[in-house]
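*Asks:* Can you make the complete structure from the sequences, with help from the hints?
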Amino acid sequence: MAEQKRRFKVVIDNKQYVIIGNASETHIQAVAQLVNNELTQIKSLAATLDDEQAAVLLAINTVSDQLKQQATIEQLEKENKQLKQQLAEQN
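Heads up, the sequence shown is in full-length UniProt numbering, so the first residue is 1 and it goes up one at a time.
Some hints here could point you the wrong way.
[Stated by the list, open to error] With a Cα cut of at most 20 Å, we get these calculated EDC-like pairs of lysine to aspartate or glutamate:
(1) Lys15 / Asp65
(2) Lys43 / Glu25
(3) Lys81 / Asp50
(4) Lys15 / Asp50
(5) Lys43 / Asp65
(6) Lys68 / Glu79
(7) Lys15 / Glu38
(8) Lys15 / Glu3
(9) Lys15 / Glu25
(10) Lys68 / Glu52
(11) Lys43 / Asp13
(12) Lys68 / Glu38
Just so you know, the hints here were simulated from the structure itself, not pulled from any lab data. Note that the coordinates shown come from a computational prediction; the quantities given were computed from them, not determined experimentally.
*Replies:* Now the structure itself:
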């Protein structure tokens, strides 16, 4: 049975948003805090950016990080598979 979606209210960059999802309250609040921290950092480094530009940079940074982590996961899975094969050959 699928989890029922819940509504969460968060404040991001001093604006209130309603997020609908299956995650826990703790998870959603952690995500909102990270987004706020990243936006604050971006705006402090480039004060001339408007809200939309800062949000786009945040999205680009986030997707870039996600792709790097996915590549790391894929490499680790490949190494794990090779190690399992080596272990199986030894036995």
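*Asks:* All hints are to be evaluated individually against the structure, with a verdict given for each.
*Replies:* Structure-based check of all given hints:
1. Lys15 / Asp65: violated, 25 Å
2. Lys43 / Glu25: Violated, at roughly 27 Å.
3. Lys81 / Asp50: The hint is violated at about 47 Å.
4. Lys15 / Asp50: holds, 14 Å
5. Lys43 / Asp65: holds, 19 Å
6. Lys68 / Glu79: Holds, at about 17 Å.
7. Lys15 / Glu38: Distance of about 15 Å is within 20 Å: holds.
8. Lys15 / Glu3: The hint is violated at about 28 Å.
9. Lys15 / Glu25: holds, 18 Å
10. Lys68 / Glu52: violated, 24 Å
11. Lys43 / Asp13: Holds, at roughly 11 Å.
12. Lys68 / Glu38: holds, 18 Å
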